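Colleague: Given next are the chains, with one letter for each unit.
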Amino acid sequence: GEDVEQSLFLSVREGDSSVINCTYTDSSSTYLYWYKQEPGAGLQLLTYIFSNMDMKQDQRLTVLLNKKDKHLSLRIADTQTGDSAIYFCAETEDKLIFGAGTRLAVHP
Amino acid sequence: DAGVIQSPRHEVTEMGQEVTLRCKPISGHDYLFWYRQTMMRGLELLIYFNNNVPIDDSGMPEDRFSAKMPNASFSTLKIQPSEPRDSAVYFCASSSSQGYGYTFGSGTRLTVV
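Taken in sequence, the protein lines are chains V and B.
When we follow the working numbering, the leftmost residue of the first sequence carries the number 1, and every step to the right adds one.
When we follow the working numbering, the leftmost residue of the second sequence carries the number 1, and every step to the right adds one.
Worth flagging that the hints you see were computed from the coordinates, not collected in a lab.
All clues given are correct.
Computed cross-link-like contacts, DSSO-like style, restricted to lysine-lysine with a CA-CA straight-line distance of at most 30 Å:
#: 1; chain 1: B; residue 1: Lys68; chain 2: V; residue 2: Lys95
#: 2; chain 1: B; residue 1: Lys68; chain 2: B; residue 2: Lys24
#: 3; chain 1: V; residue 1: Lys95; chain 2: B; residue 2: Lys24
#: 4; chain 1: V; residue 1: Lys36; chain 2: B; residue 2: Lys68
#: 5; chain 1: V; residue 1: Lys95; chain 2: B; residue 2: Lys78
#: 6; chain 1: V; residue 1: Lys70; chain 2: V; residue 2: Lys95
Selected chain V positions facing chain B (Cβ under 7 Å, derived; list incomplete):
#: 7; residue: Tyr31
#: 8; residue: Leu45
#: 9; residue: Ala100
Not close to chain B: a few residues of chain V, all C-beta gaps over 12 Å, as computed:
#: 10; residue: Met55
#: 11; residue: Lys70
#: 12; residue: His71
#: 13; residue: Pro108
Because the structure is a prediction, the values reported are computed rather than measured.
We treat Cβ as the ideally placed atom computed from N, Cα and C, and that holds for glycine.
Just need the whole structure built from these sequences, with the hints factored in.
Modeller: This is the structure in structure tokens:
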């Protein structure tokens, strides 16, 4: 069945790059997504990548997709304290299946 | 557009009472999803609708849970009777078959005591 796995916690220093990793199982997923959730808020779509792409860059965000290994990563350049949140990877065919989320903590 | 609107934001109720959560999707979106988020189980898809018709309710935990979408601009999730283990944040999301990604509401935090 469908499954998405992420590491649960990442701590980085302000100004460094953050890399959040995700593995998924459904090779038929058309899109793969990254969502951000701040405390007390809903999920906000950060970025997505189409399954026939290897990389997508959007300002400080870079998404890398390795379809062979079913591995997705999100790189945040110049990480700021405002980036502290939970980041969810999600795959989809007819419905979004989320990972457990990676809590990113940014410290000075 | 005001986005996906959920009400109430917070609900505290006693065990055994009926709870109704409400959602207004983004105008023009033809899919609507109900998710539940807990620390233990993460984000779980409960049910989703396409053009107001329930497509997959396999995530609904048990018969105490029911969801309706009487029209394109309104959906409800009802729990009757409620139990303490139903305490969670319930999110509604909508999407368009012509677009990508889901837009989430701010959620309803339900506490059953």
